[in-house]
Each structure stands twice: as C-alpha cells, then as structure tokens.
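Enquirer: Each chain, letter by letter, is given below.
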Amino acid sequence: MSLEVESRTPVLGEDGLPIEELVVNVGPSHPSTHGVGRFIVHLDGDVIVRCDPVIGYLHRGIEKMAENRTYLQIVPLTDRLDYVGSMYANWAYCRTVERLAGIRVPERAEYLRVIVCELQRIASHMMGIGAAAADTGAFSMFLYTFDVRERIIELFESLCGSRLTYNYVRPGGVSFDAPEGWFEGVSAFTENVDAQLAELDSLFFGNVITRGRLKGVAVLSAEDAVAWGASGPVARGSGVNWDLRKHDPYSIYPRMEFDVVVGDNGDAYDRDRCRLFECYESAKIIDQCIAQMPGGSFKAEGLPRLIAPPAGDAYDHIESARGSLGVYLVSDGSPRPYRMKVRSPAFCNLALTSRLAVGHTLPDLVVVLGSLDPVFGEIDR
Amino acid sequence: MAHHLSRLSTDLGARISERFDAVVIEIPAENLLRAAYELREIGFDRLGMVTAVDLGEDFEMVYRVTSRSLSSNAFVKCRIGRVDPTVSSLCEVWPAANWQEREVWDLFGIDFAGHPDMRRILLPEEWPGWPLRKDYDDPNVIRRPDYI
Amino acid sequence: MALVDRIGAALGRTPGGLILTSVDALVDWSRGQSLWAFPMGTACCAMELIAASFSKFDFDRLGTFPRPDPRHTDVMILAGTITEKMKPAVRRLYDQMPDPKWVVAMGNCTVSGGIFYYDTYSVVRGADTFLPVDVYIAGCPPRPESLQDAIVQLRELVKEESIAPGRRSERQVALPRPPAEGGDPE
Amino acid sequence: MSGFFWGLVVGLAAGIVIAVAALIGVWAERKVSARIQMRFGPQEAGPFGLLQTLADTVKLILKEDITPTQADVPVFRLAPLLVFVPVAASLAVVPYAAGWAPFNIASSVVFFLAVPAISVIGVLLAGWSSRNSYASIGGIRGAAQMISYELPRTLSVLALCLLAGSISTVAVHDSWRFWWIPLNAIGFLVYFIASIAELNRGPFDLSEAESELVAGYFADYSGIRWAIFMMAEYGGIVAASLFGAALFFGGGLGLPGLLGGIVFMAIAAVLAITMLWVKWTFPRMRPDQLMSLAWKVLTPMALVQLVLVGLVIPWR
Chain D
1 MSLEVESRTP
11 VLGEDGLPIE
21 ELVVNVGPSH
31 PSTHGVGRFI
41 VHLDGDVIVR
51 CDPVIGYLHR
61 GIEKMAENRT
71 YLQIVPLTDR
81 LDYVGSMYAN
91 WAYCRTVERL
101 AGIRVPERAE
111 YLRVIVCELQ
121 RIASHMMGIG
131 AAAADTGAFS
141 MFLYTFDVRE
151 RIIELFESLC
161 GSRLTYNYVR
171 PGGVSFDAPE
181 GWFEGVSAFT
191 ENVDAQLAEL
201 DSLFFGNVIT
211 RGRLKGVAVL
221 SAEDAVAWGA
231 SGPVARGSGV
241 NWDLRKHDPY
251 SIYPRMEFDV
261 VVGDNGDAYD
271 RDRCRLFECY
281 ESAKIIDQCI
291 AQMPGGSFKA
301 EGLPRLIAPP
311 AGDAYDHIES
321 ARGSLGVYLV
331 SDGSPRPYRM
341 KVRSPAFCNL
351 ALTSRLAVGH
361 TLPDLVVVLG
371 SLDPVFGEID
381 R
Chain L
382 MAHHLSRLST
392 DLGARISERF
402 DAVVIEIPAE
412 NLLRAAYELR
422 EIGFDRLGMV
432 TAVDLGEDFE
442 MVYRVTSRSL
452 SSNAFVKCRI
462 GRVDPTVSSL
472 CEVWPAANWQ
482 EREVWDLFGI
492 DFAGHPDMRR
502 ILLPEEWPGW
512 PLRKDYDDPN
522 VIRRPDYI
Chain W
530 MALVDRIGAA
540 LGRTPGGLIL
550 TSVDALVDWS
560 RGQSLWAFPM
570 GTACCAMELI
580 AASFSKFDFD
590 RLGTFPRPDP
600 RHTDVMILAG
610 TITEKMKPAV
620 RRLYDQMPDP
630 KWVVAMGNCT
640 VSGGIFYYDT
650 YSVVRGADTF
660 LPVDVYIAGC
670 PPRPESLQDA
680 IVQLRELVKE
690 ESIAPGRRSE
700 RQVALPRPPA
710 EGGDPE
Chain Y
716 MSGFFWGLVV
726 GLAAGIVIAV
736 AALIGVWAER
746 KVSARIQMRF
756 GPQEAGPFGL
766 LQTLADTVKL
776 ILKEDITPTQ
786 ADVPVFRLAP
796 LLVFVPVAAS
806 LAVVPYAAGW
816 APFNIASSVV
826 FFLAVPAISV
836 IGVLLAGWSS
846 RNSYASIGGI
856 RGAAQMISYE
866 LPRTLSVLAL
876 CLLAGSISTV
886 AVHDSWRFWW
896 IPLNAIGFLV
906 YFIASIAELN
916 RGPFDLSEAE
926 SELVAGYFAD
936 YSGIRWAIFM
946 MAEYGGIVAA
956 SLFGAALFFG
966 GGLGLPGLLG
976 GIVFMAIAAV
986 LAITMLWVKW
996 TFPRMRPDQL
1006 MSLAWKVLTP
1016 MALVQLVLVG
1026 LVIPWR
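Protein chains in written order, with the numbering used here: chain D, 1 to 381; chain L, 382 to 529; chain W, 530 to 715; chain Y, 716 to 1031.
None of these hints come from the bench; they were simulated from the model. Keep in mind it's a predicted model, so treat the numbers as computed, not measured.
Among chain D residues calculated to face chain L with C-beta under 10 Å, some are: (1) G56; (2) V240; (3) R381.
Some but not every residue of chain W turned toward chain D, in silico, with C-beta under 8 Å: (4) A572; (5) C573; (6) M576; (7) A580; (8) F583; (9) M615; (10) F645; (11) T649.
For every residue, glycine included, the Cβ atom is placed at its ideal position computed from N, Cα and C.
Full structure from sequences and hints, please.
Expert: What follows is the structure in structure tokens.
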C-alpha cells in the first residue's frame, strides 16, 4: 500500500456548503502508535468521524516460517511475537505442543512458568501504563514504570541470560532451573513492588488532569467487548469477568488465590487502572508460588530430541497481559508443524479502535490507543 | 451440551466429535452461517479464532467459539474447494470475525461472501499471491537449509 | 547553496586550510556530542532502544536525545525488523532528515534479516539494501550498552566530516535526495 | 538618531541575553528533567554537561535548512522571527533594578503584555505555511490557546497596576510593598499558569504535543529555524520569570546593589525551574479542557483578584 492518503473529500453539508474532512495520517512511525501501526483519521473540525487502522507493517510471516522448522526451533520465533511479554507466547506455544504430543510437564516447571509469566505480566503492564501515560504527556511516569520493568528484566536476565527474548519456556519444561538466590530476589522484588505501584497509582491515576483525560473516553460496553472478541484488561475494564486463569484454569492456577480485576465503566481510565491492579494480584500469585515451590526436575525426562507429534490438531491458550493468547497447531506426523496459527489478543483488541475513536477528538485517539495497549509484533505476526 | 448441539447434526448435517477440551463440529460450508446463528443462540457468544488450513486439495476453515455461560469451547470446521474458494462471512453473527476474516483472505485468498470490508490487512494491497497456501511460490523467499 | 557549504567553501580557500581544520574540529565535536536520535523503532529492539534512553542507561549523558520528528534529528536508529510494507516509510523518514545524517542499524534484523532471513516472504534482509548504514550492532536484541557504544563509535565517523564541500566523506553524497521530496502532506 | 541607536543597542543586548538565557535554559531543562526522571542528563560535553547546549547550537546552525517544496516559502521563513522578536523585545521593559528598565516607557506594562502576543501570528503562520496537517492543527491550537490565556494574564497584572496606580513596570516595581505578596496570591497563581500556557509549555503544550502532533507547528522546521523557535520558548520562560519576580515579588527591592540583583535572579530562577518541574510532572490537557480552564476558572479568579485589590485600595 502506498503511503499517500487520499486527500480531502468535499461533501455537501445540510446547508449546501461543502464540508471538507481533514485527513490526518497517524503513523506508521508515530510516537503514539506504540510500534508501526497506522491510523488514517478523518477529522471534522476536531472530531474524528472515521478512523481506519492499517496494520501489517511488521508482518514477518512467522506462521509461514514455522512450517519449515522443527517444533523446538519455533520457540525463538514465538519470543518475537509479543516482544513486550515474550514469556507468554513461549508458554502458549509450548502448551499446545505438549497437548499435541502428550508431554507431561513436571510440577516444578509449571511453578517456574507461572512465576516468570506473572513477573512478565507486571513488566508488560508497566510498559502499557507507562506508554499510555507518556501519550497523555506525563513522560516522567513512563520512566517510573520502566524502573519497575527494568528490575524484572534483571531477574529474567539472571534466570535465562537474556533481557528481552528469553526462549525460556520449552516444550516439556523450562530451559534452566532457577539459579541460587533467585527466589530470594523475586521475593525481595514482590515485597516492595506494592509500595511502588501505590505510588504510581496516586501519581498518575490520582492526578486531576489524568482523570479528565481518561475518564469517559472511549467507553466500551460489555456486550461490544464480548462480540468483538476483546479479551484481557480491555474486556475486563468493561466489566466482563473473563480471565482464563480463573474461568478456564490451566497449569497450577486452580491452586492460587487471587482476584480477577474488573472495571465498571469500560472507559480508558478503567482499562488502564485494571492493568495496574492486576500487578498487585500477580505479585500475590508469585508469593504463593514461591511458598509452594516443589522440588524435582524442571523439564520432562525422556523427551525425544525431535518432537514428532501424531497427526491431528490442537489449540491451547493462556491469559497473557493483553488477553487470551492461543496457538493452533496442525501436525501431519512429521517433526515440523503443518500449520501454526497464533490467536493474537491484541489483534482483536485493536479491531475496536475504529469503533472507540469515532466521536472523540484527535488527542483522545492517543488515549484510546494507549488503553488498548497494542503490540504490533503480535498483531502483525 | 450434547442436546444443545443435536439440532446442528439433525438439521444442518454436522458431524460432532470431541478432541481435548473442545467439541468439534464439522459442517458443510453452505450451512455455516445457519450453524453460527444456532451456536450463538445456544450461548457461544465469543468467536475466538478464525483461520484456515491448506489441506492440499481443499481448504479447511477453522473457527473457535467459546461460551461463557456453558463454559465450553467448540471448533467449527468446514471444507471448501480450492477453485475460487468462498465461504459465507460470520461478521453479522460475531463482529470479531471482521478482521480475522480479512486476515484469512489476505493470507489464503479465501473470499468471504457478505463481508463488509474485504481488503488485504497485513500485506500491501498489490501483493501477488496468497502466502500461507502450500503452493505459494515467491522467488524472494530463501529456503532454510535442512540441518536436522 | 546552503549556508554551511558557503562558509565551508570560503574557509577552504584560506591558505593551508588552517582555519578550516580548527573550525572543523569545533563542528565535529559539536556534531558528535549532540547526535540526536530518531528512534525508528519497529519491533523488539525498540524496547531496548527505550531502555537505553531511560533511567538506568540514560542516553542523554552522551547528548543523544530522542526526538520523534525526523526534521530535528541527526541519527536514525533502526531498531527492529523492516518489512516490505514498512520499507517506503523508513526511506521517506530518512529522506526527511536534514543533512548531515547517519544511520545506526540496531539488531540482527536490520543488519541482515537475522532470524527472519529464511523462509519469510515479507522481510527486508538488511537495512543496507536501501539505506546507507554507518554502524551495525549485532544482537537479537542488542543490549542498551551496545547501542551506547554505537553512538561512541559513530563519533569517530563524525570526525571525518568537514564543512567544506570538497572534503566531505563520500558516504554523505552517496544517496542524493529524490527530487520530489520535501512537501509532505502528513 | 540617538533613539535608533539606543534601540539597536537594547535590541542587540536583548538578543544576546535571550540567547544566553536559552543556552542555560535548555541545559537546565535537560538537567532538571533528568533529575525528575532518575537520570543524570548531559554529562560528557564539558563539566556537568554545561557545553551541551553549545554543541547543540553549533550543530543546529550548520544543519541543512529544509524548506518543504509545498510550503509557502516567504511566510515559512518569516514565521520563526515573528515568534522570536516579540519575546526578545518584551525583555527590554523588565525592571531589572529599582527605577531602571532598559527601555523605560510610560505604558511599559501594556508593552510587556501586548508585544509578545504578536508571536501568536508567528505560531499560526508557521503551522499554516508548512502545509502539513500536524503543523496546521498545532498552529491553530496554539493560536487559540495563546489568545485565550492573554486575558487572565493581563487581568492578573492589572491588579498590580491598580495597586501601584501606574502602568509603567518601573513604577509598579518601585511601589512594591511586602504585603502585596499575600494580597496578590491568587493573581500570581493566575499569572503563573497563564504564562505557562502562553509559552505553550507542558501541561499546556498542545500545539507541539509530541505524542499527538509529533512536533506541532514547527514539525517541518529544521536546523537554525527550529533553534529560533526553541530560543523563543526559553526566552519566554526567562521573560515571564523575570517579570513575575520583579512585579509580584519586588525583585531585590530595598536590598543594596549586587545583593538585590542576586535575590532578583534567584527568585526568577525558582520560578523558571518550577515551570520546568511542572512540565515534567503533569499530563497534557485536552484542547477543550484547556479552554474551559482559561475561561471558566482563571478569568473569574483574576477578576476576583481585581475586586480584592479594589477593596484594599482606599486603605492603601
């Protein structure tokens, strides 16, 4: 698609005078698109009358690449899907492979997976809230949230040696056991993260300008959220009580005690604040995991070097920071998948943009995008 | 659950089986839209995933629907021929299908009858071919050497 | 003729280029100390690019200041995979940057295509296929420290520049701006 | 002839002062924002990164000067000067010491308030002539905002003129008394907020909103022309801080010579740094909220201040 946008289209108004819409092209490289999305916005005065999202600027054909790789070689590719929360795609993919090939995962591995994924949830939400704050102009807030994220990344680095693309969750377990003192480090983190989150809450969500900017903007009704396939904080912000960890429980989540955070109004404020409160719950889960941590092996024994699941298909999903992230695999019995499909939550959430932005002003578009928290690696795949 | 789905098999010719945690409903392509309405009526209010699989001689459409009230998942599958593949769009049943069907059109070239906005979504509009088809041949693609 | 070229040409005529070299030293120091970055973050590496300019690593210490507007920047940091669909946009943003300008290719994707080299149909295999890249950083993604090292290395490259048109390094004139560039409706 | 000569000298002096102020201002902004954001800020260029802005300036002067082909070229080139010159001119009427301002005219308060308002035209023209939709929106937003905030700002200063019984900055400055500070508390707040908004700085930086409009009305300016916009912005901060320090806080009035100057500069510096602090703390407002703040909150507040002062005057 060319970069040009169709220019102004004169339409005759009720009084017979021509109304000219101002077409503003936001993206593909724009500070508020959180990546390389593009939004063609038609403005009438300051009000958005149409918003047409154009995605695919990061379409890398990961699903096609997977068809020529073995099951283990695909794991690094899944890292690059949701690059803000790499652990999730790792895990969702590995769950599907395990289901397809009938691999049992040792308990210690499940606990380690839950710990890293909940840490990742905090890290990812910190990125989401920070970017949303930076979009509204509170740039310093972004650095404060990033500070929390950076501490989690340090923990991940000591766990698997990488800051961003972890390749940690593997079919049948995880790649490394926790190093010495790692759990103490995680406990130390969860101990004081609550205070840090409370500070962020009062600093950003307590600010009168923030309330004015976010409240009542881009209201999404619960019916719409369900019908449009929204999931994660976007759906929960609208009052849809739907969290796969609770309602389609997987792994060891049934043993954990936590609450599902649900918003009331479905506006941008509720969506963003849902993310913040979910971090408290994640910290709670991490503490429980560390308390219950069993011994034993961290990966399945006797796993073949080349996984070749029986022919058939399987789908499994997890609750990622952006919603239900699923992987659909079709196997033909060979060591390479016949077809891999990633059900991306951010893709479905972003489809709501054109609905949510209409009727608001241009500054609100930024707020809408921030509250949907898109990650284009996962949307475009 | 079973009695809910019985009408699908009697009226619409669906074959119902189970695989892992989900019901698999295989349905003739011409009855897809009616089956979708039926499923929504039963309580399957979420359309999670729309995708297709290139099976060689024909395509298989795969829909994954979820019901919160029944707390169950179902796969709806239907086969369509390879020549001029067309299947009815489910946008009017679940709006979530909108972008996902565009993605299937973009990568498989399967047309959706009744879709409000059928354009490519991920690739540029002038892109030749349908990349996820097994017979897609792009001279720019470098095949990965076989190490295993 | 731009102001710089005029001054440069005039200074270049002085005997022995004595004044020119000292002016060049000041100019190159200034340019090296204030390499403002255009963060062309497309994918994963953008996270590390953000991290590099934030609290713990702090790009600003080196005088590198990320600005979202290409017109105000000196160095384009390509962070992340570039797809065929994105390529024209990247190229246009590069053309919108005022001279002198530099390009840092951050991460394997922009160096060669990296993990997305094989089997994919939509990824550009290396940013140097359509942009003059000055510094390559390996890594998937590279650490923020590597990015800062790239800026320090870029300063060495900046030192080779001169304000006299005749003494400019070849890479600055390698890619002429397309004639239609300039008026950008967006 | 001598008038012209003095005008030239004062103008040149103001230009140099504003350039130096902008140099320090940019450095201060980067250091202050860095401290707020748990960073260090510029460190490598000179001691404490003090030469950072010098490096930036030399670089920007020698950058390629792009004029978009579709732009309205004469207007595009004129706009930065239209923004900068009024701000520089307004520095000439600030009372730097008791009884002395570089350009002492009878109605200098009006001069200070009215002349920078010309830069509205510059902002509007800059946005318009770029032929860039972001710049156009930014320019129009900026113009609307600057005109709206003109009113509360003028009203808040008017209260001081009432107290002093003069519209000369020097006279107002000289008749300043300590009890003016509590009396003018509301007025000062209005003046401070309105000044920030006049300067298009956060949380009112709608016209250059980085996350929405990329860079707003100067999105298409590069090199030296953009530097002029930046100089106008920091010059504006300096002018507003100096004026506020002199008129609302009396500068260094009553203190001997150099000490008075130091106190004056210290008050102004506190005001300027508070402006930076505010910018790096608050989110940005929406245009409609900005307008309602100006018309529904600040203007009534300034009127209340005026009435308050009016009640006090008989017992002055």
